[in-house]
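So the protein lines, in turn, are chains U, Y and L. Residue numbers for the first sequence follow this note's numbering, so the first one is 1 and each next one is one higher. Residue numbers for the second sequence follow this note's numbering, so the first one is 1 and each next one is one higher. Residue numbers for the third sequence follow this note's numbering, so the first one is 1 and each next one is one higher.
FYI, nobody ran anything at the bench for these hints, they're computed from the structure. Check before you lean on any hint, since a few could be wrong.
Dumping the calculated BS3-like pairs for lysine-lysine here, alpha-carbon to alpha-carbon at most 27 Å [as the list claims (entries may be wrong)]:
#1 Lys575(U) - Lys530(U)
#2 Lys153(U) - Lys65(U)
#3 Lys495(U) - Lys223(U)
#4 Lys575(U) - Lys92(Y)
#5 Lys169(U) - Lys328(U)
#6 Lys52(L) - Lys344(U)
#7 Lys73(Y) - Lys50(U)
#8 Lys208(L) - Lys227(L)
#9 Lys153(U) - Lys39(L)
#10 Lys447(U) - Lys52(L)
#11 Lys208(L) - Lys25(Y)
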Amino acid sequence: MRLAAVLSLAFAIAGCDVRAVDAPAPAPAPKPAADAAEPQAPPHIEEARKLMAEAGYPAGKGFPKMELLYNTNEAHKKIAAAVQQMWKQALGIDIELRNMEWKTYLEHLTRVDYQAARRGWVADYPDPNTFLDMFITKSGNNNTKFSHAEYDKLIDEAGREKDPKKRLKTLEKAERILMDELPVVPIYFYVTQCMWRRQTDGLFDNALNVHPLKEILHGDGSKPFIMNTGAEPQTLDPNIQRGVPEHRVNINLFEGLTVYHPKTLDAQPGVAESWTSEDGRTWTFKLRACKWTNGRAVTAGDFVYGWRREIDPALASDYAYIVFNYIKNAKEYYDGATADLVLKGWAETAADKRLEAVAELPAQVQKRHVAALQKALDAEKNEAVRGLLSKAITAAPDRADISVDDVGVRAADDRTLVAELVAPTPFFLYLTSFFAYFPIPKEAVDKHGDRWTRPENIVSNGPYGMKEWVPNSHILVAKSPSYWDAAKVRQPQIKFLPHDNVTTAFNMFRAGTCDYIDTVPLEFVDELKKDPDFHSVPYLTTYFYSFNVTEKPLDDRRVRRALALAIEREKIVEKLLKGGQSPAYSMVPPSLAGYEAQPFYVKPKK
Amino acid sequence: MTAADHEIAPESRSPLQLAMRRFRKNARALICLILLALTGAATLAVPWISRHDYRFQDLDNAYRAPGPGERAKVDESGLAVYDENGEVVKEKVYYVMGTDGNGRDLMARVFMGGRISFAVGILATFVSVLVGICYGATSAFLGGRTDTLLMRIVDVMYGLPHMMVVIIVMTFAGRSFVVVFLVLGFFGWLTMARIVRGQILSLKEREFVEAARALGTGAASIIFRHLIPNVLGPVIVYTTLSIPAVILQESFLSFLGLGISEPQTSWGVLINEGTVAVNNVKNLSWLVAFPGACLAITLFCLNSVGDGLRDAFDVQQR
Amino acid sequence: MTAFLVRRLVAGVLTLFAIATISFAVCRFAPGSPFTSEKNVPAEVRRNLERKYGFDRPLVVQYGIMMSRYVRGDLGESFQYRGREVGELVWPGFAVSARLGAVAFVIAMFFGLALGVTASKWQNQGPDYAAMSTATLGICVPNFLLGPLLVLVFHVWLTWFDPTGWPENWWTWAELKKLVLPACTLAFAHIAYVSRLTRAGMLDVLHKDFIRTARAKGLSEWSVFLKHGLKNGVTPALTYAGPMAAYIITGSVVVEKIFAIPGLGTHFVNSALNRDYSILMGSILIYSSLVIFFNLLVDLMYAVLDPRVRMN
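Only chain U is shown next, with the shape it has when bound in the complex (with noise of 0.2 Å):
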């Protein structure tokens, strides 16, 4: 084809065929023949390809440049190279990868600098609604500048819906939305790839990848079990913890109302020995006698100071939001002591970081702001924070005053919790397991503040407690004879070490000198499948490619769609991945009882 285009070209040049240098003509697409049959894309490359024409660019002749954003993984890499080049065998456009460290690559979503980017999202619960409420427009997980008034509407609704099934159909109908939209492109749903040997009884698959770990014995238990959990742990504080490896470790040192079952995720007792409810608003819950490692017993109040203190913002909590979004007067009362912070520090904030500061304060300002707005705005310059001040002003009088005290949840007595909650919430009992609900003992971090979960200072009230922890090298926890169910606690140690190195993690399994990892290197899973000790079940798990939908090109649907049906999932998760992941055409995952996965192309059968 080159050599013909090279030689016509020539020829136009040599010769006195003028008008053919502007255009050196192309070798002739050959004729079919009468009965001979077309070739053809598969249907999805077919519309895709179509889609992109209709959108200005055919044969993405004229795409703008766009760039794909992740940061730095030889899994996400691999990925990425390769949907750039599905992109340009199906579409014909070309982009550039853009590959950032962690934190850079943070700082470029959350303010949404960038055109895709490589994300991924981990359920907070085994529900649908972790996958869809991100994308609500005031959402702070959003990260894509999507904004649509019907999905809003419909995630609130679902929100308040007391009926189950009703419920989940609202949220089938957002989701609906979100794939027609399609401001974000699923690829595939995560499978868990955890090895552990057989000795060790008590860990099952789950598909939150978590495992409790109060009733497993490992051989005749006079080793440690000794589990990696790939990271040193940045806080054992549940108030601010937020990684995995942290929630591996948490896991078995506190426990909250309720504790998941380790296999089938039900919520079961815990701290909660019983629990009423009759609109799915207000709970009671009863607690048992149950003792605090330094011997006072766990009270409700435990649970109210521990619940408030998720939602202080001097605590900048990132899981805050799991408490403001379910729990009444929780996120007023966050909002409130928001602002608060905001016009304490009004005199010390710095001019040009002023605009930035009172971005969000119109929303968030109660009655007793006034005064303070009032003095700001007095002595302020710029029109631009006056006017955001001004509207905050209007705005502030009609917001009662939320205190602490009016957040709901109290202690009727000391065995007693009561929680009320914005709207009745199906998986509330999921929630009262997670450790931003975990109870929290007053006096250990009055004492020691900061440092209240060092070995020598924490209590905890889990099946375990800490004995050790040297960073970076292991944290040791042994059975607590304190707790409610030693009965049942047959390990004596558990021993968790920080390797973040796959390879290195896989190795020492291998060597013998690890009884537990979450992930294996991804070349070694094919034959890894066969190894008994290898576990892999579908893991509530999401990795999507998201959208700037304000910026050309991709501010066209067709376009999105188009990117999204160029993607061959099939072939990455059979060829690249090999894990046993399951290629994904919709948000949700489909393995959730109840609820219909909404995809945004269904394969035609062959």
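Keeping the supplied structure of chain U fixed, place chains Y and L upon it in accordance with the hints.
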């Protein structure tokens, strides 16, 4: 002049020519030089003439051992070609060095990576040599307090653990090719400055410079005709030895995940990707053997040539 | 002599000061904050956290506070690991890296000298070529390639040694075995340099006149070789000890990553990636101090050996 004078008077040679003559006699260094030239030529030629583009992936061919295979066909604009059944059309190809995890031909990647490794090595060395010579020469010429101050600055910078600073800068400044070689060249100039300054200082006082001055030759003439040729020796040696050091540093960075980023590749990146071959589950040895061998051979040749040059320029050293 | 020492010490302190300043500048002007996280917290909440750690103060003030802390030996608090001090994270890491480095140093010196001496004794014969080939290999194979290869050979194929870990105690061979592969990986390149330098130094000395005199006097070959030759011939290798120590320190970053050793290098790389400035600065200062210290040692040795240097 009588005929006798012609016979007796020896040919005069510059130190450079003498050194080249000695170098030519060093068989090992010569062979390595040729090998280097061949490798360099290969890195330019192979990706250009190879049927495989170093970025082209075919996931069906991931982790293939060296040997023949089939690859998806694409037309000129890069669009995939399908047949009547909607299946991708395949064509037969040969993978000389096998493929990597994305199904990319390893040979094209190894030689493309060689280009980047060489480029980084040469450019960074060029930067450090340029800066070093200017800095050292200026310091030597100015002399006195300025000289002391400039050398103190060099001492302070010597104290910086430079790999650490490189790691920090790479983390923060992003990973473009330009940043990589600038940052790696940034520390190379220190030794060069010291060497050049030392040489010039010792030469400044020598008789032939005095003589040239006495004859009224201008400063520029002194610099270019007398000083620079004498300084050139150590500079050339150091340059040749600095290139492998930089290539090694770049590989080190890539191993930590901080070096060259996609779509470019370098030997360090390839070796990093290849360490997955170290296992008892699957034999993937070609992934680490080929880039590793290329890196080792190149480093060996560069070091040999550097040693040869050093022997050639300095008769006293063994 | 004392004047020399004092001058160098003062220079060392000034260097550390400059390093701290440069590192501070690089950290503060870099994109990304230690407090950005995946789950979005409102900007003001994050800023409040930054306020807690003093980020809102003018840079000069922050710099002043940091320097006054360092002067008192307080390395500050970590931003990433809440409630932890930099010192308690960094010093144990340093202890681990130092021990690994010391073992590697000893291995490199011992085998380097042995190989070099052997090569010089049987110059241009079998042992010489063997030794020099090994040396060349050491220079050309980077430690991040060598490490995995050693693991492949000695653990995967031969199962002699463990691929990872750090000895829990130093009294049993079973635990000490864990050190072998990482220390060898770290030492290998330096064995190469030391052996080359030793060989060159020995050959240099062995051709000197006083050796010929000793032989002519009738002393045994071994006496000549060891008593007279060795003493003088190993000088070049010994002067490499300083730079070698510095390279071992920096080279340990990769070795720690490959063998999962909880040393200072791991902290350094992680803190750079996580923007934990206090740990980053703490580790840089420790590394710099070590480099300066060993450079000083080298200069001291030169001064002791060569009086001309002292006068300079």
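Now the hints, each set against the structure:
Note on lysine 575(U) and lysine 530(U): the hinted pairing holds, with a Cα-Cα distance of about 17 Å set against a maximum of 27 Å. For the hint pairing lysine 153(U) with lysine 65(U), the CA-to-CA distance comes to about 35 Å; that exceeds 27 Å, so the pair is violated. Between the alpha carbons of lysine 495(U) and lysine 223(U) the distance comes to roughly 10 Å, so the proposed pair stays at or under 27 Å and holds. Between the alpha carbons of lysine 575(U) and lysine 92(Y) the distance comes to roughly 19 Å, so the proposed pair stays at or under 27 Å and holds.
Proposed proximity of lysine 169(U) and lysine 328(U) is supported: the alpha carbons are some 25 Å apart, at most 27 Å. Among the hinted pairs, lysine 52(L) with lysine 344(U) is consistent with the structure: their alpha-carbon atoms are about 14 Å apart, no more than 27 Å. With a C-alpha separation of about 21 Å, the suggested pair lysine 73(Y) and lysine 50(U) falls inside the 27 Å cut-off, and the hint holds. For the given pair, lysine 208(L) sits about 14 Å from lysine 227(L) by alpha-carbon distance, which is consistent with the 27 Å threshold.
The straight-line distance between the Cα atoms of lysine 153(U) and lysine 39(L) is roughly 23 Å, inside the 27 Å bound, and the hint therefore holds. A C-alpha spacing of about 19 Å is found between lysine 447(U) and lysine 52(L), which places the hinted pair at or below 27 Å, so the restraint holds. Proposed proximity of lysine 208(L) and lysine 25(Y) is supported: the alpha carbons are some 26 Å apart, at most 27 Å.
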